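Build out the structure end to end from the sequences listed, making use of the hints.
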Amino acid sequence: PVGACVGMKGSRVQSIIRELRGEKIDIIEFSDDLVTFAQSALAPAKITRVSVTHHGEVPHLDVIVEDEQLSLAIGKRGQNVRLAAELIGAKIDIKSETDVKDEVADALARMLQGVVSQSGPRQADVEIDLTEIPGVGAKTAEALQATGLGTLNALLEASAEDLTEVEGVGPKLAETIMSWARDEEDRLRQEADTASVAEGFEVVEEPSTPTMADDDFMAALSRAFQESEALQARLADNPLADEGEPEADAESTDTASEHDE
5 PVGACVGMKG
15 SRVQSIIREL
25 RGEKIDIIEF
35 SDDLVTFAQS
45 ALAPAKITRV
55 SVTHHGEVPH
65 LDVIVEDEQL
75 SLAIGKRGQN
85 VRLAAELIGA
95 KIDIKSETDV
105 KDEVADALAR
115 MLQGVVSQSG
125 PRQADVEIDL
135 TEIPGVGAKT
145 AEALQATGLG
155 TLNALLEASA
165 EDLTEVEGVG
175 PKLAETIMSW
185 ARDEEDRLRQ
195 EADTASVAEG
205 FEVVEEPSTP
215 TMADDDFMAA
225 LSRAFQESEA
235 LQARLADNPL
245 ADEGEPEADA
255 ESTDTASEHD
265 E
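Numbering-wise, the sequence shown is residues 5 to 265 according to the working numbering.
It is worth saying that the hints were derived from the structure and are not from the lab. Check each hint, because a few of them may be wrong.
[What the hints assert, rightly or not] Computed spacing ranges between beta-carbons, pair by pair:
no., residue 1, residue 2, range
1, M12, P63, 34 to 40 Å
2, E107, E161, 27 to 33 Å
3, A196, A109, 26 to 32 Å
4, V17, A109, 42 to 48 Å
5, A113, V17, 49 to 55 Å
6, A196, T168, 29 to 35 Å
7, L160, T57, 27 to 33 Å
8, T168, E131, 20 to 26 Å
None of the values given here were measured: they were computed from a predicted structure. No residue lacks a Cβ here, since even glycine has one placed at the ideal position from N, Cα and C.
Dropping the structure here:
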């Protein structure tokens, strides 16, 4: 135990310090657990996390400390970490929390870049009609195909020097081809993005307003014409047929006037 090594009021360790002419002595408790042993060896620095990987015979420790504890754990010119590595028999890498976060952010950015590049039009070789490129005729298109520049990917990866080596392609046409390829890539990517967005929406057709069938409509129209013709015929035979009640009123008025006389 540490107490037995130190002695009463440090008497044992003090005698050793005097023997070593004032050399500083750190007493570290041994542990079979490598992580615990590493934490004790790097004290008084406070360790946040320790991960152990085994590469061959020598284990590798990744030690994470708070930013303000980094210099204390490493020591002057790395002396502390070197002594701790020799003591526990392992390779030790010490990093601050900020360094670890930056590394994780960089790793995620690289992963995201890889996913984006694989999801774009370059994921597959896109066959194109080379004659659609301004200034490229049938012979030049055949020459491009013969040199392996018949796909969009090939044109995107080709340099101006690669293109000018093709028969019939000068510097100006090479720039035109490269510009067209970039524009075509953007167009395909926009189409892919639009298609992926459209897949997320369900097209719902609005219910149509109920309408009369053609046969029912024609039958109703025929009945309307028949009723109209019948009404016109009845009016022609008796123009006052619809004025019967006013006529009766007129007769009663005349009778009343005769009685008054």
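Verification of the hints:
no. : hint                       : verdict
1   : M12 with P63: 34 to 40 Å   : 37 Å, holds
2   : E107 with E161: 27 to 33 Å : 30 Å, holds
3   : A196 with A109: 26 to 32 Å : 27 Å, holds
4   : V17 with A109: 42 to 48 Å  : 46 Å, holds
5   : A113 with V17: 49 to 55 Å  : 51 Å, holds
6   : A196 with T168: 29 to 35 Å : 31 Å, holds
7   : L160 with T57: 27 to 33 Å  : 40 Å, violated
8   : T168 with E131: 20 to 26 Å : 23 Å, holds
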